[in-house]
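Undergrad: As given, the protein sequences belong to chains V and B, one line each in that order. Quick note: the first sequence, position 226, residue 230 per this note's numbering, numbers continuous. Quick note: the second sequence, position 253, residue 257 per this note's numbering, numbers continuous.
Some hints here could point you the wrong way.
As the list claims (entries may be wrong) - The calculated DSSO-like cross-link candidates involving lysine-lysine, where the alpha carbons are at most 27 angstroms apart (straight line), are:
1. Lys146(B) with Lys188(V)
2. Lys61(V) with Lys146(V)
3. Lys61(B) with Lys146(B)
4. Lys188(B) with Lys146(B)
5. Lys146(V) with Lys61(B)
6. Lys188(V) with Lys146(V)
Calculated directly from the structure, the hints in this document are not laboratory data. Source: prediction; values computed, not measured.
There are 2 protein chains.
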Amino acid sequence: MSGRLTVVGIGPGDARYRTPEAEDALAAADALYGYAPYLDRLPTRQNQARCPSNNRKERARARSALQHAAEGTCVALVSGGDPGVFAMAAAVCEEIEAGPAAWRSLDVRVVPGVTAMLAVAARIGAPLGHDFCALSLSDNLKPWELIERRLDAAARAEFVIALYNPMSRARPRQLGMAFERLRKYLPPTTPVVFGRAVGRPDEQVSVTTLAMAEDSADMATLVIVGSPQTRVIVRPGRSPLVYTPRAAQGWPA
Amino acid sequence: MSGRLTVVGIGPGDARYRTPEAEDALAAADALYGYAPYLDRLPTRQNQARCPSNNRKERARARSALQHAAEGTCVALVSGGDPGVFAMAAAVCEEIEAGPAAWRSLDVRVVPGVTAMLAVAARIGAPLGHDFCALSLSDNLKPWELIERRLDAAARAEFVIALYNPMSRARPRQLGMAFERLRKYLPPTTPVVFGRAVGRPDEQVSVTTLAMAEDSADMATLVIVGSPQTRVIVRPGRSPLVYTPRAAQGWPA
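Work the whole structure out from these sequences, hints included.
TA: Okay, here's the thing in structure tokens:
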């Protein structure tokens, strides 16, 4: 029997956010690998092994999953959101390139999912309705100077900016430093959306402005900083809508 | 009875790519609005009206859907991929802001979906594994000079670049002009991924380099241009994997 590794995106929350393609890949697996809280979201199945791991151990997790698949097992490696966005699919590719030649012959598949920025955007309107970028604020994998250079470039070119991994206990200052950087280029009234644990029971979504935005977040938070064109619609008795018009300023839609 | 408008992302292909949340919203609707080929992907239901429209008529379609919901109907407005990415959610917000005050009291929801760049990325590996941006090449809604400014900024800051709406019969030159612009900043060996109709029977995904990339695409095509760090893994007997490492060059992962 030949093995297979499927990197499966389970979306932002419970089963309502998982595609049938993801459900099928999970059901077909002999073994599930993944960060423990992601595995906890999935139903247990008879004859399916569970190999939970710590969040910091992406490369070791990818290696273990590849090794297990290379032994002839059907392995699913679970990722929150989409596995291709600041998640496990790239770690798997890194290990395939660095690993034994036999790993290049493995059947490796990636099943996409709804990534956090799409889920947060959907809750609040359409802040990503025009050109946008996605940037991880973690400086574990790149120098802070590079992050600043990208923040500068994105703000000056008026991209909407989705910030992944905004801060953590080990990195408490990154989000505040990013806001400070962006205030050089963007109006104080620029809308900023905080989305935490979207799709889960403790979901929280809020809107503020760049002038008022506080550096209060955690690794389950996704922050969207608008462009100068991003707008807020106040609604009586309902939460506001935040959106970025499809047309550039002064252009008819 | 009070109406509701749900803007529903149906993902890139058939029902395998639609979340249960999207299926529920479609099943609950009294009327479906959307671009005709998207509605054609959905099963017909008794007592559910279908209001297909032409692709160019986003604002009119959003207005009709809002008007119908304001009359007390449960309306689903269908979007391919994710409704918040170059799709209908922003058009709905534009019409709510410009329309009658009563529309601000409407129950409006957005259901996210798998957008094209995530589906194409999943097919080929993990090209979006590091910071990236999403840019529409259509100059129907913005000046070409602004698109060039954003291409310059994204390439210089080494974002991976996902190009939506790369070209069409009415806009045959945009993709070639974009490649030409990007060649000023990026190495000729930069991987370029073309993904067409991903998730559908006529799906086509191919890899080339920026030097070799031809301006041959249509509106169903999504193009991903790598960063200088994006890599290709050649595999015996299998299609190549394209990925962007999580760590910046020279940084340990």
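Undergrad: Quick check: which numbered hints come out false for this structure?
TA: Checked against the structure, the only hint that fails is number 5, while the rest are satisfied.
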